[in-house]
Structures are given as structure tokens and as C-alpha cells.
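If you read the sequences in order, they're chains W and H.
Numbering follows this note's numbering, with no gaps: position 57 of the first sequence is 57.
Numbering follows this note's numbering, with no gaps: position 231 of the second sequence is 231.
The hints are simulated quantities; they were obtained by calculation from the structure and are not laboratory data.
For every residue, glycine included, the Cβ atom is placed at its ideal position computed from N, Cα and C.
Check the hints yourself; a few may be wrong.
Unchecked claim - Which residues of chain W face chain H? A few of them, derived with a C-beta cut under 7 Å, are:
1. F35
2. L63
3. R102
4. Y106
5. V118
6. K121
7. I123
8. R124
9. R126
10. E128
11. L311
Said to hold, decoys possible - Some chain H residues well away from chain W (every beta-carbon gap over 10 Å; in silico):
12. Y13
13. A45
14. H82
15. G83
16. E86
17. P93
18. V124
19. T130
20. H133
21. L188
22. L214
23. S245
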Amino acid sequence: MAVVEAQDLHRTYRTSTGTLRRKWMNVEAVRGVSFGIEKGELFGLLGPNGAGKTTTIKMLITLLLPTSGTARVLGYDVVKDPREVRKRIGYVFGGERGVYERLSGYDNLRYFAELYGVPPKEIRPRIESLLELVGLKGREDERTEGYSRGMKQRLHIARGLLHDPPVVFLDEPTIGLDPVGARELRATIASLAEAGKTILLTTHYMFEADALCDRIAVIARGQIVAEGTPLELKRGVAQGAVVEVEVFGVPDGTVERVRGLQGVMSVSVEEREQAQVLIVQTGADVELTHSILGALNGANVGRISRREPTLEDAYVALVSEE
Amino acid sequence: MKTLRLLAVGWYYQFKMISRSPFEGIGQVIYPLFFATVAFFIFRASESPRTLLYAALGSAVMGMWSATSTTAGNAMQRERWHGTLESLVATPPHFGLVLLPITLAMSTIGIYCLVATLALGRFVFGIDLTVEHPLLFALAIVGAVVSFGSLGFLFAVSFVRFRAAWALGNLFEYPVWLIGGFLVPLVLLPEWVRPISWALAPTWGMSAIREAALGGSPLPDLLLCLGLGAIYVALGLAMLERVLSAARKRGALALS
């Protein structure tokens, strides 16, 4: 039996526009998501902003009710047995919010240790070892309002592990961190996986999912569009090629024109200093460089290169498919 | 035992947070003294020293009530702003056990209002603060704090579901001063108001404090005050599961 199971999860939000003449509409954030995570597995839910990652994770940690579908954690239904689920999971949200800024790091942990029912005798040693694990030892008596973003993120991790949960949910834990902080946090996540925790990690960083996850599900527009090991996902696009064209001012409608060319799988634009780089993923054995240049309508073009696709290209292709 | 511990630890950390807030603190320091000063000037027209004690106690409880009613809403708003409401809801205990210490911490701040007001009356206005039954007086204060916190809990339950409900706390602040008989005796109010006064724990808390100070029998009022507090908690607990379920359904927990 899978430790975490999601079966055809749907979540619709009702939202309105206007003040006097209020118009109501339904927004489908998650549209039929299903997956299973085995014991000790580090499973990545990868997708762009607004793809439905956080909504999915919030249904699993009992903060949101699914509109339809079912989900179970360690056999407990997230709708019917939320308290049983909460006892057995830890969760960590990215961002700076979610800590009591007027309390010290230690007091934050002490308060939540009580809320999670950690036996009184174990509280102090548990907090001490977690402070050690997340690298906050020596700073625990300072108020968290003076903590850097990275320190708050690490405090979040410590809080999520206070009751030594077998399942941990990490929602974009490295978002907004500097490269060094993000690397340290990834090392902490890897050590949790080594300790046998079952982990669901959401991220929109491809390399992060690649480096950490045993399996990845790519989510876009509320649906899972691909699932497999990082290697399997890479193989899925290994047959094509990627053409990168440096352009100084991409003319209007270029992306649509290039996307319309026969053999083009995906198109994206990246800003690089004064120039933009048009990244075009094409099928195997297709030479489209001339057609792409034609679609640029005489725009000022710099360097042109052709390369093998990476896992990031696979991800871009998956999430940009209509 | 475990539950009591949870309530005590929750109260301690919430109280620690409130007492560290300079802005909330300024309000708590200045407002009660302002209310009391106005009340003392009004009641000074009376020659009886007991009337001034009556006014001193009334304005002290006004401060206690204001501390609870306005800050209960602000407390939930603060949890939303800090993004901690979701973290609290996601913990295993019944959410009532998480919420109750928050509102009890608020009403504990009210004890400061009481002490500050009485000190102002004694040292600035020279009011004789001799209390007839000191032990019952202390008990009545504790009872009032607990029941105010319970009423704050009932408010806070609605704040979990409705983001703008903090305004409700402010709305209740002034009417309760009047219908709770803090400065105006209940017999002077229209008859139709009295049942509303009787349903409010602050009315009985006020009465118990006065009875203990002025030499009456505070126990019946104190019991009524605590009984109503228990009813508020029971009502809040009964509503809480439904309110939380509605918030989870609407996705309202993460909104600030």
C-alpha cells in the first residue's frame, strides 16, 4: 500500500469579480490528480506557478477539502480522519511567513512541540538536535524577526520535524533562497530521505527535482502531464533538438509564428541582459533554423546554437503543451 | 493533564507575544486610564466615597472588556497576517484547545487595565479603595478574566471563518460598556435591554467584582459569570468544527 495516495483529486474555487454587479465563476485549480508515493520515496511534484502544486499539497495535509476525489496518508482519509493524518505528517511551506516573529526560534519550536504532543521529557533534546540539523544552533534565543529568509526556512523545517513524522510535505522549501542557502537546504532534504522519511516535495526548479527526487510528476494547469523517474522523463525528449536564437527585441507575434511551424514542440523566451533568447524545441531529424529566422521578421539576431535537449527542456515542453 | 498543559503552554506563549507588542501595548496603557479619568470627573460630583469606588471598578472593567473584545479579533487577524493560522489548524489537537489560550491571553491583559485604573484612582484622584472581601474580590477578577476570554473565544471562532469579523469585536466594545452596567446601573436601562445584559458574562463579572468590593455577596454573580463563560466555550466548540470545515471548503484559511 502506498504511503500517500491521491485518487482523481479535483479542487474548484469559487471567485467573484465586480462590486455591485457581482459575477461568480469557478476556477479549477486541480483537475483530476492521481499519484501514489511508496514508503521512503522522495516524490517531486514539479510545475510552474499556478499549476496546482500548493492546492494539491494543501488537500493532502488537510488544510483544504477536495471538491471531489479521495486522498489517503498512511491509510487515513484526509477528509474523514484529518486529526489522524495531522499526527503523522510534517509540512514545510516556503516563504518567510508562518513563524511567530515576536518569539525566539526556540520558543517557536517549544510552542509547536506542545501542539504536536511531543512528550515533555523529549522536547528539549528534540529541539536541540533539530537546531543542530538545520544549522540554527547558537541563534535559537534570538527573536525570529531578525532572522534572514534562509534561517526562517530552516526553522520551518525544524518545526515540521518536531514530532518525528514518517511523512513530510515540503512546499517549495527553497523558494527565494540564495544559492548557498538553497544548496544547504537541499542537503538537509537529502538527509531526511536517507533517514527513511517519505517525502513529497513541490518545486518549480527542474534541477532541484532532478537532484533530489526518486520520482517526479509534472503538473500543469491542474493536471499531471508526465510521471516517472528523472531518467525516464529525460529519455522522453532525448530524441529532439533545441535551437537557441539570441534576438535583440523579439517582434510581436513571433512566439506564435514559431510555434505554428511544422516540427516545433515548444517555444519559450528567456531574458538575458539586453537580449532575449528564443528557445525552440524541435522534433528529431528536423532542421528548422531557417524557418525560425524567417519567422523573426528581420529582427536583429545575435548568436544561434543547436544542442541536445536537457531535462529542463523536457519540463518546458510538458508544461507549455496546450 | 495533557490538555491542561497544552492550554497553559499556549497561554504562556501567546501572552508573551502580546506583551511584546509596543503598539498594542500603548493602546492598553492609555485607553483604560483615559476612560477612568473621564469617569472619575463625572462621578466626583457625588460626595459619597463609595460612589467613586463604584466608578473606579466600572471603568477598570471597561478597560478589561475593551482589551478582550478588540484584541480577540486582532489576534486572529495577526495569525492570518503572519501566516500562522494554517500552521495552527494543521496541528493535531482540537482547534478549540489551540484557540482558547489565545483569547485567554488577551483577557489576561485586562488585569493590567484593572490594576492601572485602580492605581490612577488611588494616587491621582485619592479614591479610597478599601475592599470588603479581598479574597472574593480576587476570585471575582479571575472569574471575570476567564469569562471574558470565553466570550472572546466565541468571537474568535467566527473570525476563523470570516476575515473581516475583527470589526465585530470593535462593534461590541461600546454597547457592552452600557448594557453590562459598567458605569450606568442596569435599572436605569429600558426593560427590553435587560435580558441582553443578563446573557452577557461581563454583566455578572462586573456585578461580582462590585459586590466583593462594596460588601455584598458576590458568589451567585460569580457563578453566573463562570456558567455563562462555560456556555460560550461550549457554543464555540460546537460551532468550531463546522466553521473550520467551511473554511477548508472555501480555502479561507490562507487568506490574510
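Hints, one by one, checked against the model:
1. The beta carbon of F35 (chain W) comes no nearer than 21 Å to any beta carbon in chain H, farther than 7 Å, and the hint placing it at the interface is violated.
2. Annotation: L63 (chain W) was flagged as interfacial toward chain H, and the flag holds, the nearest CB pair being 6 Å apart, inside 7 Å.
3. The beta carbon of R102 (chain W) is positioned within 7 Å of a beta carbon in chain H (closest approach about 5 Å), and the interface hint is therefore held.
4. Because the beta carbon of Y106 (chain W) sits about 11 Å from the nearest beta carbon in chain H, more than 7 Å, this interface hint is broken.
5. Interface restraint check: V118 (chain W) against chain H, minimum CB-CB distance 11 Å, threshold 7 Å, status violated.
6. Hint status for K121 (chain W): violated, given a least beta-carbon distance of 13 Å to chain H, over 7 Å.
7. A cut of 7 Å between beta carbons decides the hint on I123 (chain W): the least distance to chain H is about 10 Å, and the hint is violated.
8. For R124 (chain W), the shortest C-beta to C-beta distance to chain H is roughly 14 Å, which exceeds 7 Å, and the interface hint is violated.
9. Annotation: interface hint on R126 (chain W) violated; nearest CB of chain H at approximately 15 Å, more than 7 Å.
10. Interface restraint check: E128 (chain W) against chain H, minimum CB-CB distance 18 Å, threshold 7 Å, status violated.
11. This hint is violated: L311 (chain W) has a C-beta 31 Å from the nearest C-beta of chain H, more than the 7 Å allowed.
12. Remark: the non-interface label on Y13 (chain H) conflicts with the geometry, its nearest Cβ contact in chain W lying 4 Å away (cut-off 10 Å).
13. A cut-off of 10 Å between C-beta atoms confirms that A45 (chain H) is not in contact with chain W; the least separation is 44 Å.
14. Against the 10 Å criterion, H82 (chain H) falls within the reach of chain W, whose nearest CB is about 6 Å from its own CB.
15. At roughly 3 Å from the closest C-beta of chain W, the C-beta of G83 (chain H) falls inside 10 Å, breaking its exclusion from the interface.
16. Residue-level check failed: E86 (chain H) sits 6 Å from the nearest beta carbon of chain W, not beyond 10 Å.
17. Listed as a non-interface residue, P93 (chain H) fails to keep its Cβ farther than 10 Å from every Cβ of chain W; the least gap is roughly 6 Å.
18. No Cβ of chain W comes within 10 Å of the Cβ of V124 (chain H); the nearest lies about 32 Å off, and the non-interface call holds.
19. Every CB of chain W is more than 10 Å from the CB of T130 (chain H) (nearest about 39 Å), matching its label as outside the interface.
20. With a cut of 10 Å on Cβ distances, H133 (chain H) stays outside the contact zone with chain W, its closest approach being about 37 Å.
21. The Cβ of L188 (chain H) sits about 43 Å from the closest Cβ of chain W, beyond the 10 Å cut-off, so the non-interface label holds.
22. No Cβ of chain W approaches the Cβ of L214 (chain H) within 10 Å, the least distance being about 40 Å, so the stated non-interface status holds.
23. Some Cβ of chain W comes within 10 Å of the Cβ of S245 (chain H); the nearest lies about 7 Å off, and the non-interface call is violated.
The structure does not agree with the numbered hints 1, 4, 5, 6, 7, 8, 9, 10, 11, 12, 14, 15, 16, 17, 23 stated previously, though it agrees with the rest.
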